[in-house]
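Single-letter residue listing:
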Amino acid sequence: GQNIDQPTEMTATEGAIVQINCTYQTSGFNGLFWYQQHAGEAPTFLSYNVLDGLEEKGRFSSFLSRSKGYSYLLLKELQMKDSASYLCAVRPPRGYQKVTFGTGTKLQVIP
Amino acid sequence: EPEVTQTPSHQVTQMGQEVILRCVPISNHLYFYWYRQILGQKVEFLVSFYNNEISEKSEIFDDQFSVERPDGSNFTLKIRSTKLEDSAMYFCASSERRSGGLAEETQYFGPGTRLLVL
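Chains A and B are the protein sequences, given in the same order.
Counting from 1, one number per residue, gives the positions in the first sequence under the numbering used here.
Counting from 1, one number per residue, gives the positions in the second sequence under the numbering used here.
Careful, some of the hints might be misleading.
Below are the DSS-like pairs computed for lysine-lysine, each with C-alpha atoms no more than 25 Å apart in a straight line [unchecked claim]: (1) Lys68(A) x Lys81(A); (2) Lys57(B) x Lys98(A); (3) Lys57(B) x Lys106(A); (4) Lys78(B) x Lys98(A); (5) Lys42(B) x Lys81(A).
Quick list of the computed label-pair ranges, beta carbon to beta carbon [to be verified]: (6) Pro93(A) x Gly72(B): 22 to 32 Å; (7) Asp62(B) x Tyr96(A): 18 to 28 Å; (8) Tyr96(A) x Asn74(B): 18 to 28 Å; (9) Phe45(A) x Gly40(B): 14 to 24 Å; (10) Gly16(B) x Ile110(A): 45 to 55 Å; (11) Val50(A) x Gly16(B): 40 to 50 Å; (12) Asp71(B) x Leu74(A): 42 to 52 Å; (13) Ala16(A) x Asn74(B): 24 to 34 Å; (14) Glu18(B) x Ala16(A): 18 to 28 Å; (15) Arg59(A) x Pro2(B): 16 to 26 Å.
Rather than coming from a laboratory, the hints here were simulated on the basis of the structure.
Since the model is a prediction, treat every value here as computed from it, not as a measurement.
By construction, the Cβ of each residue, glycine as well, lies at the ideal position given by its N, Cα and C atoms.
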């Protein structure tokens, strides 16, 4: 099975940097997604890590350590519109499609 | 930019009634998915579909649920006899499945159908 842990809520200040952590324990692993979800809307793809290391994409970066079962999403230069839930999701081994989502971290950006 | 679309955006139904939720995946995508999200809870996988058959399903996807690709563009989820606990947001997603590369495995979500069972 898959067990994914994320903090429930975080608060950060506009213009600052915030790191959202995700740890997972899985029976198999083939990649980790980060999605952004505004209230009442669909998840929007942010990043996908399969290999260890840091992937940078504009203001957003995602890091993965497979040996530690750990990932984080780094958001820089926070904007008010970044207030949303951030979902960590694990993809099972190749040949399977069931993506398992964590409960998400609700980020509130304050002025 | 291509996107997944879903209809209707909202559906209210009586318990025991059948509902059909519709999705149009991104046109060059080959894998299709349904997820649900009960209010305030996490996104849960229901089923994946490839080459006109179910490739994987979760324990939630019981005999009350079925999926179909009736034509070249639509992908539907049918709930035969709705229960109160089926009230949720239902998301359709699709991914491109070419061999090699990581981007092709990313699932893109539609805007969802909010289902309310009374």
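Evaluation of the provided hints:
no.: 1; hint: Lys68(A) x Lys81(A); verdict: violated, 31 Å
no.: 2; hint: Lys57(B) x Lys98(A); verdict: holds, 8 Å
no.: 3; hint: Lys57(B) x Lys106(A); verdict: violated, 28 Å
no.: 4; hint: Lys78(B) x Lys98(A); verdict: holds, 19 Å
no.: 5; hint: Lys42(B) x Lys81(A); verdict: holds, 21 Å
no.: 6; hint: Pro93(A) x Gly72(B): 22 to 32 Å; verdict: holds, 31 Å
no.: 7; hint: Asp62(B) x Tyr96(A): 18 to 28 Å; verdict: holds, 20 Å
no.: 8; hint: Tyr96(A) x Asn74(B): 18 to 28 Å; verdict: holds, 25 Å
no.: 9; hint: Phe45(A) x Gly40(B): 14 to 24 Å; verdict: holds, 22 Å
no.: 10; hint: Gly16(B) x Ile110(A): 45 to 55 Å; verdict: holds, 46 Å
no.: 11; hint: Val50(A) x Gly16(B): 40 to 50 Å; verdict: holds, 44 Å
no.: 12; hint: Asp71(B) x Leu74(A): 42 to 52 Å; verdict: holds, 43 Å
no.: 13; hint: Ala16(A) x Asn74(B): 24 to 34 Å; verdict: violated, 45 Å
no.: 14; hint: Glu18(B) x Ala16(A): 18 to 28 Å; verdict: violated, 50 Å
no.: 15; hint: Arg59(A) x Pro2(B): 16 to 26 Å; verdict: holds, 24 Å
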